[in-house]
Amino acid sequence: MSMLKHSFQMFEGNLEKVSKRLNINNDHALAQECRRQMLSPHGTLCLEIKEKENSRKRKDSGKRYSQTFLNKLAAKTIWPTFEPCKCEEPCNKECPCIEQLFFCTKHCSWGKEGRNFFKGCNCTSGCKSTSCPCFAANRECDPDLCKCCGACTDEAGKPATSQKCRNDNISMRRKVRTFIGISEIPEAGWGLYNKDFIAKGDFIDEYVGEIITQEEAERRGNVYDLINRSYLFNITTEHVVDSKRKGNIMRFANHSSKPNCVCKIMTVNGDTRIGLYALVDIAPESELTFDYGYGNDVKSEDFRKPAANVQWYKKRKVNSVTNDA
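For what it's worth, my numbering labels the leading residue of the sequence shown as 1, then goes sequentially.
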């Protein structure tokens, strides 16, 4: 069953909720894809659409999920904190997971029996592209669900070699070797460097720290701005990770408007975690940077954080920030 069909049945044909769940802003594209997959509110009959089909019909790939919509699902966004549902009856539209536009997991009361359950992948080719539903949904492969890719079978703390799956890096701590050195960015202090070559898309390390509320993050953020530091990372609408006191070496990665890395919020065994990944091929002993996103608004249905307007961010000629301890 495709991701679109699964969402369509879960929300009983409500296109507005389907588009929010799959992060689609184009109603025309959504309608065309619904017709291509012959979806109705019951998921069986063709959805009647008045406008003509202008594009050529594509041959059904036979995959479990629609590639087009998995690409949309991979777009960065911020979600509420996930709490497994405790439905006494099979999950319906009143299920807390469905109301928050989440898939149910194995931690929910109905588990695999629920119609909103995320079933994992059947990949046999590495799980490193959006053809893998787990990768596309910003989820790490779960060995309890993904039986074909061999997730989490190779030894933890070392690169995966014999297993096919390459999407279990955070849970198995498959980080690369990094070290601290004087940053090449003027006035940025310490910076983070890689020891060996890193290929585009490879996992570098997890960004960890103290989990605090948005209110506490606002208070600490005002202090950090005064001392020209930034350690805060939004993970949900309720919580923020602060790496100042309880972070790891990743807190030395500086900001850049032209970064070579990107942070992704991942779902790992039901938890929300942050991974740093290579945005391009990175040569050995290069400084690792990512975009802190201070100039961007953070929005969701019930949460909004405006773009930052702090002096150090505006005045840095190279648009970078010190992140040392």
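The set of hints was computed from the structure by calculation and includes no laboratory data. Hints may be right or wrong, so weigh each one.
[Stated by the list, open to error] Each computed SDA-like pair below joins lysine to any residue, with the alpha-carbon atoms no more than 20 Å apart:
(1) K244 / K147
(2) K175 / D281
(3) K200 / R174
(4) K147 / N269
(5) K128 / N269
(6) K128 / E99
(7) K112 / E94
(8) K244 / R273
(9) K128 / S109
(10) K158 / N248
(11) K246 / I211
(12) K106 / G270
(13) K158 / R177
(14) K195 / R173
(15) K175 / K147
(16) K244 / G189
(17) K264 / A199
(18) K106 / K128
(19) K106 / C87
(20) K112 / K128
(21) K86 / H107
(22) K195 / L279
(23) K147 / E113
(24) K128 / E94
(25) K17 / H107
(26) K244 / G270
(27) K264 / T161
(28) K175 / G189
(29) K175 / E94
(30) K17 / R115
Just so we're clear, the structure is a prediction, and the values are computed from it rather than from any experiment.
Inset, instruction - Tell me, in ascending order, the numbers of any earlier hints that this structure violates. - result: Hint check: 1, 6, 9, 15, 18, 20, 24, 25, 26, 27, 28 and 29 fail, others pass.
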